[in-house]
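Start from the sequences, fold in the hints, and give me the full structure.
Mapping of the sequence shown onto this note's numbering: position 149 corresponds to residue 149, and the numbering continues sequentially without gaps.
Since the hints were derived computationally from the structure, they do not count as laboratory data. Computed from a predicted model, the values in this text were never measured in an experiment. Where is the CB? At the ideal position from N, CA and C, for every residue including glycine. Honestly, I wouldn't trust all of these hints.
For each label pair, taking beta carbons as the anchor points, the in silico distance ranges come out as [claimed, not checked]: (1) 346 to 312: 20 to 28 Å; (2) 395 to 316: 42 to 50 Å; (3) 374 to 220: 46 to 54 Å; (4) 333 to 297: 18 to 26 Å; (5) 312 to 395: 56 to 64 Å; (6) 314 to 280: 17 to 25 Å; (7) 248 to 297: 34 to 42 Å; (8) 146 to 68: 18 to 26 Å; (9) 198 to 99: 14 to 22 Å.
With a cut-off of at most 30 Å between alpha-carbon atoms, the simulated BS3-like pairs for lysine-lysine come out as follows [to be verified]: (10) 192 to 228; (11) 228 to 214; (12) 371 to 303; (13) 113 to 228; (14) 341 to 324; (15) 214 to 98; (16) 240 to 303; (17) 240 to 220; (18) 220 to 98; (19) 192 to 125; (20) 240 to 125; (21) 98 to 87; (22) 341 to 371; (23) 368 to 240; (24) 214 to 240; (25) 303 to 276; (26) 276 to 240; (27) 368 to 324; (28) 75 to 113.
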Amino acid sequence: MVALQTHWRWLVAAALAVLILVAAPAPASVAAEADAKDAKRAERPERGIAVLPEYSRLVIPAGETLRMDLTVENKGRRDEQVLLTLKQVPRGWRAQIKGGQFTVSGVPVVAEKSRTLTFVAEPEKGLRPGTYTFQLEGRTADGAFTVTQEIVVVTEERTAGARGDLQIVTSYPVLRGPSDSTFEFSLEVQNKSDVDRIVNVAAEAPRGWEVTIKPGWESKQITSLRVKANSNERVALELKPPRDAAAGEYPVLFRASADRAQAEARLQVVLTGVYKLDATTPSGRLSMEATVGQPATTTLLVKNSGTAPNRNIRFSSFAPENWKVEFKPETLDVLQPGEIKQVEVRITPAAQALVGDYSVALTADGEKTSKTLEMRVTVHASSRWAWIGVGMIAAVIGGLGGLFAWLGRR
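Shown next, in the form of structure tokens:
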């Protein structure tokens, strides 16, 4: 048993030794790799710099701002502070070297590394087409190394067809809904040019409409946005009509412009209108008095408070049993927005109705809307019965008087 345990211990130890040998890098290969790196580093000069624009010669439309990368490289084996100067800027241009949002005139570069900046050249308004040469200089802080680069910019007059490099696309140019809705168009601004652009956006809507332009998926309002070269940006155009806007078709124009390029999209909002009815009495009181079995009349004022015409308005009622409710007229053919019409309502309580207060519901059923009023009706007894009662009382009094007189004679 002891021999078997010893045998297994030897096997485990051997396996671990093999794993260690396989996992550990060969000292010779590690040394060779380090030697290769040292040799490659030794091939580099002690010091050296380069300033490389993205393009050395290019053609752009006249009046357009130029932006391109500028790479500052340290070719040596020690860190350098590289100073940058625009030695030559053509008349009518304003040029600068930018690092993010800052104007840069010097940049530290680690040995064997590079830094990327942005060269920006903006022409004055109205500058004529032509060929313009810019000269950049980069030098070390001690002045031991200096490099110079030229950038030649050729500006050409934009042809009429060149306006097509800015476009607006939308999948749904027509939206439809009631006047109390908010309408949102999704638009895509396409920059088909080879340069980044700041695109100004605006919209023309009917008077009184609220207009908001937002970037896609954000809530902030904008009047311009940056669109990269050969890229697209999505914007949302939000429109809110006035609540009293009449039903109909309303045109909306969305415009985008950048430099001399322009684009527009013709949109349309179709308002179906808001359907709403209101009803009341001339005095505003929803109560009346009536006599048992006798008709009582009141006037109902029906108003179209919506923004769409309301057609075929019918009147109905819900009253106690054996009561009679009549409307004159029974229907209104059409009621224009804001229009008011009078309807005469005749209510006759049942002949067997008891004296007291009752509720009668009066309803105006229109197109896609209705309005119901609860009218309180106070019912009184008929005056005929009052006179009959007076006569009966007089007869009783007269009878009693005659009886007393007859008894007195006896």
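Structure-based check of all given hints:
no., hint, result
1, 346 to 312: 20 to 28 Å, "holds (22 Å)"
2, 395 to 316: 42 to 50 Å, "holds (47 Å)"
3, 374 to 220: 46 to 54 Å, "holds (49 Å)"
4, 333 to 297: 18 to 26 Å, "holds (23 Å)"
5, 312 to 395: 56 to 64 Å, "holds (58 Å)"
6, 314 to 280: 17 to 25 Å, "holds (18 Å)"
7, 248 to 297: 34 to 42 Å, "holds (39 Å)"
8, 146 to 68: 18 to 26 Å, "holds (22 Å)"
9, 198 to 99: 14 to 22 Å, "holds (19 Å)"
10, 192 to 228, "holds (9 Å)"
11, 228 to 214, "holds (18 Å)"
12, 371 to 303, "holds (10 Å)"
13, 113 to 228, "holds (27 Å)"
14, 341 to 324, "holds (23 Å)"
15, 214 to 98, "holds (28 Å)"
16, 240 to 303, "holds (25 Å)"
17, 240 to 220, "holds (16 Å)"
18, 220 to 98, "holds (27 Å)"
19, 192 to 125, "holds (23 Å)"
20, 240 to 125, "violated (38 Å)"
21, 98 to 87, "holds (16 Å)"
22, 341 to 371, "holds (14 Å)"
23, 368 to 240, "holds (22 Å)"
24, 214 to 240, "holds (14 Å)"
25, 303 to 276, "holds (9 Å)"
26, 276 to 240, "holds (19 Å)"
27, 368 to 324, "holds (27 Å)"
28, 75 to 113, "holds (7 Å)"
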